[in-house]
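Colleague: Take the two lone chains and join them into the complex the hints point to.
So the chains spell out like this:
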Amino acid sequence: MEVEVRYFATFRKNGVKKEVIPFEKSISVKELLTKVDIQEEDVAILLVNGIKVDSETILKDKDVVSLFPPVGGG
Amino acid sequence: MFGYNGKVLRINLKEMSVKTEDLNMDMAKKYIGGRGLGTKIMMDEVDPKVDALSPENKLLIVTGPMTGNPVATGGRYMVVTKSPLSDTIASSNSGGRWGAELKFAGYDVIIFEEKAEEPVYLSIEDDKVEILPANDLWGTTVSVTTKKLEEKHAKNCKVLAIGPAGENLSLIAAVMNDEDRAAGRSGVGAVMGSKNLKAIVVKGSNKPKVFDDEKVKETNKAQLAKIKENGVTGQGLPTYGTAVLVNILNELGSLPTNNFQKGQFSGAEEISGETLAEKYLIKNTACYRCPIACGRYVKMEAGEGGGPEYETLWAFGSDCGISDLKAIIEANYWCNEMGLDTISTGATIAAAIELKEKGYIKEDELDGLKLEFGNATDIMEWTKRMGYRQGLGNKMAEGSYRLAESYGVPEFSMSVKKLEIPAYDPRGTQGQGLQYATANRGGCHVRGYLISPEVLGLPEAIDRFATEGKEVWAKIFQDLTASIDSLGVCLFTSFALGAPDYADMINMVAGTDHTGDSILEAGDRIWNLERMFNLKAGVDPSQDTLPKRLLEEPVPEGPAKGWKHKLDEMLPKYYEVRGWTPEGIPTEEKLKALGL
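Quick note, the sequences are listed as chains S and R, same order.
Going by our numbering, the first residue of the first sequence is number 6, and it counts up by one from there.
Going by our numbering, the first residue of the second sequence is number 312, and it counts up by one from there.
This is chain R alone, in the form it adopts within the complex (with noise of 0.2 angstroms):
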């Protein structure tokens, strides 16, 4: 056994008890890890028809072939669960050193049943696993349940909990780890919340065994050399951090600004990557085994810590009309102690803005509250008053879509699939809005990031206004991003590295003979499955679209001025390519050609 542990955890929070299960290899090869085997963990366990936040759900937490091993950036888990927010399937993934630690304790995969019947966290040293009281950890932030856990624990414990957002079942809730990393979308959160699941501490020592350390070696020696050279992540990533794309998005003019209403912002520099590094910045800072750190460290009210990425930059920036920075920071620190999605939280916020604006939301909800675009007064109060369901935070909690659907008038919700729309207006984007509206857990970039060839120019430029192709692009990004998800690496090196580096990657840690084509034939098997799954659940392909603003409203001035999105050009070509019906569904030969 190289790569894996072999070893699958599972808790049921009901019976209160604990099993070691040995990890089925074959699954485990067939769907790698990650995003792939806890889809077909779920599909295989979980009705998709379920109720998300039952009982009868369950919660995945599940690393890859690659997580803990010494390959570049190989630290990353992947939160597996249906999704409260857009019924879809959810895969919500993130960094920092909490997923390498949990393959360290002997373990490539945890599955919690049930519901606690008190609030309770799982602890684990190695073998010894156990369910513990946390009541007195219930209604603390994330990181105050942090510094108890370390506190109570073995030395160098790694935390993984839940805010009191996850424990009021916002739908926007995040689980996070080793305080600021998060697996942020989809509202997983609010799913360990609903089993009574506070925390997870974890402490391991072993490393797992790789197939061949002098290749492993090598190959990441090759490869850290291909992320140092490259200029996204050898200079740019590290030097300003995903915030320098506020500039660049602004200059094209696909920069959302007030809900989504216009594509430029003229405080956008203000919010920028540029000067979060000169007036805020301390350090950067690396998850497990990054070359790159990204991750900035910066000042704030509270002392110093997480700094803002672009998308919350974004989010409770321009989407907001606000260019204060330092309030900005201080929202998404307050993001991270209730433990709430940036990227949802900030576009709620801005949907409320427009709500209220347009005499949907009156002012008697507000209990006295600025909720204005342009105005930061407030953002951290909401943000709180969200995490705690208080007030209009409670109908805020529910995400955008089911808080515009409170009032008639659901199209004010810039969401797919009820998930909030992130950083990049798709009618200057084209190719990014059908990967918007196709993606499998709803309004997400990171699911096939277009931007990369449409903006970035990586690995070619293409005509970002164009849609001819796109569907090929499309289905291309989408099928190598679910591979890297389940690989348990960062989708920031897939701008130096391609197909056939994942391959040569997971084959010298794991012993297995992928190509770069039969590492993007995974990716298309894990997409149809999840697609399947959100069939099953009843998602059908009706919501494989956009807010109608994007598709009717033409972006008012800027360089993007006068574009709408067309997807109706750009659907059924995507559905031809991925082997699909015209009308979205999977065909028989599609699914045996891919084993499912």
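Excised from the complex, chain S in its bound form (with noise of 0.2 angstroms):
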């Protein structure tokens, strides 16, 4: 199975905006975060699929993970 992971404001590390990563069978958000060197209390925002999700929620094929740290706005 393969995800693909959005990247957004400070989480943009050398300009990586998304990237597909594959896995070998199915694994928990928490556990792509640790992947992607990403600290679960930094991610402010968590969507997989634009819908909000916890960390334990398991992904499936072709998943969109979008990560956003503390923004705002108005």
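In short, the hints are calculated from the structure, not lab data.
C-beta atoms are modelled at their ideal positions from N, C-alpha and C, and glycine is treated no differently.
Check the hints yourself; a few may be wrong.
Quick list of in silico lysine-lysine cross-link-like pairs, DSSO-like style, CA-CA up to 30 angstroms [claimed, not checked]:
1. Lys537/R - Lys35/S
2. Lys35/S - Lys539/R
3. Lys877/R - Lys57/S
4. Lys872/R - Lys22/S
5. Lys23/S - Lys877/R
6. Lys590/R - Lys23/S
Here are a few chain S residues that sit away from chain R, every Cβ distance over 12 angstroms (derived from the structure) [to be verified]:
7. Met6
8. Glu7
9. Val25
10. Pro27
11. Glu29
12. Ser31
13. Ile32
14. Lys35
15. Lys40
16. Val41
17. Ile43
18. Thr62
19. Asp66
Here are some chain S residues pointing at chain R (derived, C-beta under 7 angstroms) [unchecked claim]:
20. Phe13
21. Ala14
22. Leu52
23. Gly55
24. Ile56
25. Ser71
26. Phe73
27. Pro75
28. Val76
29. Gly77
30. Gly78
Modeller: Quick look at the structure:
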């Protein structure tokens, strides 16, 4: 399976906006965050396919994960 | 007297007279300042049924007790009048440095009455207040007016002005200050133009006294620390400004696109805060005493200047289907030069594009210009034409509702009470939609920013699609915001501060005895007073609604696919939690309890 990870704001390291990551088996969002080296507590908005989820969520093939640090505006 | 100066300037433009009056301090304490105090003065002095562009309407500039004082973001002022766009009470606020300067000159409020025979401007240098001719300024853009007045008057004076849009009575004209800060919404610039008042230049030399100097410093230090430690105010807003929201709302499928026909935009990344920072940002800018510095100073055709906010990137961007960031920056610049509200201007162009697409606006009305979703070629030209009321721009200058209504199809205007809805599709943010429908100045996001809990998870995350309990969230956010707007500080502080913090702030500065609860109660009082003004003006509760598209057409694709707005489920509960009748009228008991 593979998952698309989209990085926003200060999560964009070395200009990487998104990447497709392949996995042997299903993993949770928490495990994904470890793999991409982002601390869970630094994630303010966590979306899978545009819907807010918690880090225990198990990812499916072709899911899109969007990660945002604390941001806001008006 | 602490926090306030206790002085009101009353300017009669027909008699060309200047009077200084004492501020009614009992009234000031009850309604705080800014939005609340301004609404109370309007209620006492102006018939709500008045024609907003007639001499009988008054234009109020009202500071808050925090304006010009040593608290975080204490520099804001409010323009309060009757809106010519929505016929509601209008209170439109702005930052920059002008508001604090007015306070340093010794005044809390300016009340403009009647209409000058010829164009004039007001000059304030402490006690020296003069009404001066402005014939040579009339017709000039905001930056030209500002530079001319800066050259003529005291060093470091601050300038507030309208551009050609206000002069030409565009119903979406803004009042500008410090060149690129805007009291943008509700057409307040047209009211200023209707009075033949081009500008107010101010220079002051005295800071107001505060109640407890040491405690003000202590409280401010603690509050600055909270603002710095908060992820949004300490990191997100300083780094990317409000523009960071483009990608968030797009990922959620709630970034209104092509006049709210869709909720996702394929070009979002190109107009995002991240791209703005990468390609155009020169530096951050900050308003008076602001530790956040969310303002963007960017590269542009004219050299460099104030950059677009999230709302502007959306209005000229995804709402018009446009992904050309350079063109949006230029359109933003021309809104500032013309003195136009960027939200209503972009949203009106979006509505015009749909009217053209659907065959209501004919090709021969375009003078050869492009008016198509995704085509950035002429958005600058349309902006200028709206400011100068040229060609189709003359109709567009009236805002999207009147434009669409002129073709017999007002439903293509995405507005509430004729004020264009901002950049959050309420079908995917149900609480925000309730807030739009009930906001006292019409389709506004900053009267109760439910995006904070629904999207950003602050102060806690709530389900954006749920309707249950949203009436309570709406009321609390609306009440707290009414107080913040009256204090004279920036709403963005509320990402880090709560009602008890604002009570500490005003108590230390003004010597009051507020609590968090009394701050919320003052907001409730202001909200009900605004509601009463609107009801007396003839804006009845049937206008507490959303455009038909958002109530009847489901979002066609993306994460919010299939959702419509469920206003019917929420509105009766909202009226109930407000203590109003099922018809949406404040009860006698409610008004009495609030001392109204």
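Colleague: Would you mind marking each hint as holding or not holding in the structure?
Modeller: Status of the hints after comparison with the structure:
| no. | hint | result |
| --- | --- | --- |
| 1 | Lys537/R - Lys35/S | holds (29 angstroms) |
| 2 | Lys35/S - Lys539/R | holds (28 angstroms) |
| 3 | Lys877/R - Lys57/S | holds (20 angstroms) |
| 4 | Lys872/R - Lys22/S | holds (25 angstroms) |
| 5 | Lys23/S - Lys877/R | violated (35 angstroms) |
| 6 | Lys590/R - Lys23/S | holds (19 angstroms) |
| 7 | Met6 | holds (21 angstroms) |
| 8 | Glu7 | holds (19 angstroms) |
| 9 | Val25 | holds (16 angstroms) |
| 10 | Pro27 | holds (22 angstroms) |
| 11 | Glu29 | holds (27 angstroms) |
| 12 | Ser31 | holds (21 angstroms) |
| 13 | Ile32 | holds (21 angstroms) |
| 14 | Lys35 | holds (17 angstroms) |
| 15 | Lys40 | holds (20 angstroms) |
| 16 | Val41 | holds (17 angstroms) |
| 17 | Ile43 | holds (14 angstroms) |
| 18 | Thr62 | holds (15 angstroms) |
| 19 | Asp66 | holds (18 angstroms) |
| 20 | Phe13 | holds (5 angstroms) |
| 21 | Ala14 | holds (6 angstroms) |
| 22 | Leu52 | holds (6 angstroms) |
| 23 | Gly55 | holds (2 angstroms) |
| 24 | Ile56 | holds (6 angstroms) |
| 25 | Ser71 | holds (4 angstroms) |
| 26 | Phe73 | holds (6 angstroms) |
| 27 | Pro75 | holds (2 angstroms) |
| 28 | Val76 | holds (4 angstroms) |
| 29 | Gly77 | holds (4 angstroms) |
| 30 | Gly78 | holds (3 angstroms) |
When each numbered hint is compared with the structure, a violation occurs for hint 5 only.
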